[in-house]
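Visitor: Chain by chain, the residues run as shown.
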Amino acid sequence: MNILISSNIFNSNVAFTEGGAVKWNDENPTFIDNTFLNNSALYGADIASFPIRIILKCWPSDDNESISLPSIDDILWNKFFVS
Amino acid sequence: MEKGGTFYVSEHSGFLLKNCSVTNSYAKYGSIFYFQENYEGLFTIENVDFYLCEGMFDLIDAGQTNMVITNSTFRQNLNNFCFLVFSNIEFVNSRIIDHQCFTNLPGCIINAITNSVVIFRSSIFENISSFIEEGNVYLEDSVVQCVSSQMKTLMSNKNKGSCFSSYTSTLFMNDSQLTDYTANCLYSMESYITIHNSIFDNSLLNETQNLYDYGTIYCENCFIIMIDFSSFIGNSKTINGSAIFIISNSPNLLNTAQISNSYFYDNNALEAGTIYVYNQNSSLILNIFEGNSANRGGGIFCDNDSNFAKVNF
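Sequence lines, in order, name chains R and D.
Residue numbering for the first sequence follows our numbering, starting at 1 and increasing by one per position.
Residue numbering for the second sequence follows our numbering, starting at 1001 and increasing by one per position.
Bear in mind the hints are in silico, worked out from the structure with no lab data behind them.
Be a bit skeptical, because a hint or two may be false.
[As the list claims (entries may be wrong)] From chain D, some residues computed to sit far from chain R (all C-beta separations above 12 Å):
no., residue
1, T1044
2, I1097
3, I1113
4, R1121
5, K1152
6, N1174
7, L1204
8, I1300
[Said to hold, decoys possible] Stretch by stretch, here's where chain D covers chain R in the computed footprint (C-beta under 8 Å, at least three residues):
no., stretch
9, 3 to 17
10, 23 to 34
[Stated by the list, open to error] Going by beta-carbon spacing under 10 Å, a handful of chain R positions derived as facing chain D:
no., residue
11, G20
12, N39
13, S40
14, A41
Every residue, glycine too, gets a C-beta built ideally from N, C-alpha and C.
Please model the entire structure based on the sequences and the hints provided.
Guide: Here it is as structure tokens:
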């Protein structure tokens, strides 16, 4: 399925959990030239999808340094296609 | 009286009723008019006031007639449907107000099935209550055109279209205003929907809101959905998609939806503050989404069942 989201304005929309303006599952819509203003959510103030990346935050930490892990796609690629 | 409280029409010829008032007419079928089966003439009503008429089924049992109603008013009548039509009805510059139906048959204003054509032009429908779950305008295999008309306070005490329910039908709506409705304002299955320059404001609550409350406009397996230059303001749904809910249960690449140049303001739902799309090709272009809210997808929620593709990857 293809969903095109183009040239829209999203202003001051609120999601109490995720995707203040847009939430999508499974297939990524095509976003072109949209304007996002003052949208808010716990996760993804403007756009949220299903989880695709894990960010491990060192805790407790004095310097608030974050470590980014590889994406799910990278992990799957390494697991199935790299011997 | 069993059939035709005031008029029982059996001759195959045109019929004109003009400049009069009909009150306190009663019959089980066709509490004002009953047209004999297979009557195929043209039936015209001009400048007539229908008031306090009552019956178990329909005010006007039109059968196969082609009906044209102009400059007329239907007030405080009590029937299951105003019009039972099997052919064509054109309702021009007329009003239906304070109408109540009380049984469990759909179509409080019009029950149109089997290739009927229904046209509303410059007409007003106000304060109409249905105690059932189907639309006040109920269509099967039919076409409806609603132009420059108003629908205000149309209630469905249960689910589905408080204004329109459309099954394998076609709906064209232009320049119309629909306000203060319950449930789905428009419920459509396997239909063609075209809406232009229309207003959908202020949904109201009904008794089954917590069980089934999706979309001011609900489209399931619809072939083409075109909505443009329209506004959706102050709609609230307890489940998904306060303004528009689009679902395709069996993904069909030919089914498409386009929503453009429209304004969505102050709508809210549990998920998808304005538009929920599931498994249907859709384009959302040049719209403004402002001040809408939901738990997930304050503006839009795009959902897909792409498990098939994932398994094959």
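Visitor: Looking back at the hints listed earlier, which ones does the structure fail to meet?
Guide: Result: hint 8 breaks, nothing else.
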